[in-house]
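Asks: Chain by chain, the residues run as shown.
Protein chains: 2
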Amino acid sequence: MDLNEQIQDFGRRARGAARLLSQISSAQKNAALLAMADEILARTATILAANEKDLATARSRNLSSAMIDRLTLNPPRVEAMAQGIREVATLPDPVGEVIREWTSLSGLRISKVRVPIGVVGIIYESRPNVTSDAAVLCTKTGNATILRGGSESIHSNLAIAEALEQAGAKAGLPNDSVLLIPSTDRRAVRLMAEMDRYIDLIVPRGGKALIEAVVRAARMPVIKHSDGICIAYVDAEADLDMAVEIVVNAKTQRPGVCNAIETVLVHRAVAPDFLRKLAPRFAQKKVEVRADEKAFSVLAALDYQPLRRATEEDWRTEFLDYILALRVIDSPNDAIAHVGQFGSHHSDCIVTRNEATAEQFLREVDSATVYWNASTRFTDGGEFGFGAEIGISTDKLHARGPMGLEELTTYKYVIRGQGQVRT
Amino acid sequence: MDLNEQIQDFGRRARGAARLLSQISSAQKNAALLAMADEILARTATILAANEKDLATARSRNLSSAMIDRLTLNPPRVEAMAQGIREVATLPDPVGEVIREWTSLSGLRISKVRVPIGVVGIIYESRPNVTSDAAVLCTKTGNATILRGGSESIHSNLAIAEALEQAGAKAGLPNDSVLLIPSTDRRAVRLMAEMDRYIDLIVPRGGKALIEAVVRAARMPVIKHSDGICIAYVDAEADLDMAVEIVVNAKTQRPGVCNAIETVLVHRAVAPDFLRKLAPRFAQKKVEVRADEKAFSVLAALDYQPLRRATEEDWRTEFLDYILALRVIDSPNDAIAHVGQFGSHHSDCIVTRNEATAEQFLREVDSATVYWNASTRFTDGGEFGFGAEIGISTDKLHARGPMGLEELTTYKYVIRGQGQVRT
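Chains as they are written, first to last, in my numbering: chain A, 1 to 423; chain B, 424 to 846.
Pulled out of the complex, with its shape left as it was, chain A reads as follows:
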């Protein structure tokens, strides 16, 4: 079989599995998930040996230490993977939920019922635990999964997927419920994205080039997990101590994630006081500040280091590092305008004591999550109480923000009549 035939074959098989999976009880799905967790643990040695092959390749290619860290599995990480699966098993199953029910004027009983999406394609890079996380959330919601991981983690992914597939099948899941594309050929991404007959949704998780390739080729819905250029605005009426805590947390608690902030806007009325409080805290973490003219002079007078002048490009950059763009502005309206122009509509926050200003910001900023007096780091399925997430959608439709189990379902209308015809 050539690559295209192989992908088509995977699609056909996944479609068949999805039909059966949609009819399986929550108890059966949960039993299969627990079996998957056991199998992952039982195969720890095999999975680590496979991971060692990926790591050897990574080292020989001189991948960065951050990349190698993300790629690395070890016994605690395998254990965590299994534990993650067990937790998903304990979550409520959204499938079958009656979202709304009413009787139409013609006497029809209409029920809007939650159902699986069908076949979900996941295209991802680097971290092998995504193989398990994604497959397990899809299984829980009765979706068949076609996984396509990055070449750098291919051996780890294959070992994990094999454990999931075999444990699932033994526990009574349909064959082909979880499929991993074994080829690392880059054309596989395009072939998957064109296969709208067999894939109902594609979720790309990875860098810009990957997401762009999927968006360009896709014929089915895509839910992107893209940039987080998150912004905090410190208002003239902010509690400055609270503002410092929020900014330090949102920038430095874990700078490499999408819900960390990249830019701080501060009202000119409080900029000197705020920066005087912030500087020592940032200095501890060696945060590089890229400041506009006004902020630069305040920080330079404080002898803050490392300090650079911001360029316009900095407002548009997701640093994912101990780097912050800083701008002094004149009003809440300017903050809202900056967020609209430069942010990525992921998570943005205002710190203020003024309720009217806060409510204006919350209303006018069109982002997946908007915060008043809290760190943007809370944009997370776990923190929201969703129990688990497949990621943070930066798209507007179907799933926006944290994408949990509910967002892996759709609905259908079930209509019960007594012989009604339309006149």
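No false leads were mixed into what you were given.
In silico contact screen, one side only, chain A against chain B (beta carbon under 8 Å); selected entries:
hint, residue
1, Ser22
2, Val215
3, Val421
In the DSS-like style, the derived pairs of lysine-lysine whose C-alpha atoms are separated by at most 27 Å in a straight line are:
hint, chain 1, residue 1, chain 2, residue 2
4, B, Lys535, A, Lys224
5, B, Lys700, B, Lys717
6, B, Lys647, A, Lys112
7, A, Lys277, A, Lys294
8, B, Lys631, B, Lys647
9, A, Lys224, A, Lys208
10, B, Lys647, A, Lys224
11, A, Lys112, B, Lys535
If you're looking for bench data, these hints aren't it; they were derived computationally from the structure.
The C-beta atom is built at its ideal place from N, Cα and C for all residues, glycine as well.
Let chain A serve as the given structure and place chain B on it in line with the hints.
Replies: Same frame as chain A, but now just chain B:
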């Protein structure tokens, strides 16, 4: 400006309008809608004169009489257009609705709030009233609209859009809330579909070639309004008189619409009785039946006309006419399998007295709407009680089935804290 610059300019302007529109009160939007209705009526003569130009072109191109009928405006149709706008003004505004609200473990108050999508692109063919219907539903939900109608109705569309734009602006809507692309150049469709920076959703309404062109090029979500290959299954335990009424209604009440049935499956145990009852009713309407072997012999024995032998292609065809594909099957499972294989997952129905069989069908058929003992013709925003619809989505995500006002919105999370940071 070349076409690309023109489309980009429309996009930029619509994005600006969307930002303002999202903040406008329901009262303001409703006042603007009523002004639009008045303006449409006031300009009846202008609109009819523009329509006459389109009709002259259509006649010179020898378009079919059905096409010409769909294209034709007259005073009652203009009146109906205005009346439709007034009705939308009376509907509840979904924007601002709190869909769900809870307090997270960290004490954050999280509200999931309904908001406009942003900029909606509508690409359609033939019927000029879509210009008004689509623009008005988008305005009601705070979305800016970029319309691209077919070349055959360009003069009518321009006249209607101008009335809507000017009345809206006079009533305080932002400029550029409703934009119609004046060019009939086919490349405009591709250029719109590639412009994901400025268009958040595209809804194509039209033939297969149009929808295919949009799907192929689109970088943003597309909600297709595609085929309705709807199927009715008459079970062994059906009330046959009810089955006849449902089949006659679903096939012949309005055969040219997407929720009319194209195929009837009948259980072999009742096929002769059912067809004996159906034949005289179908004969009245001159319905051409394309029957499988078993059904053919029953109908031939009854001397039914017009009668042909079905080919496999007939199971996959949306006739949109007084033509029905008919198949005798052995079981409810075979019915479910046929619907899964040949249907378009739009609207399908079972007629039976057996509740267990009905519930199996309702559960296992994965279509936007599944009916027990009712005509598929009820798949309609009005019949569902949505008040109005932009169409019937044949896609699975975001909107499935009738797409009303709610489906023209998305949500964001508004989060209110007291200084929470993540640990």
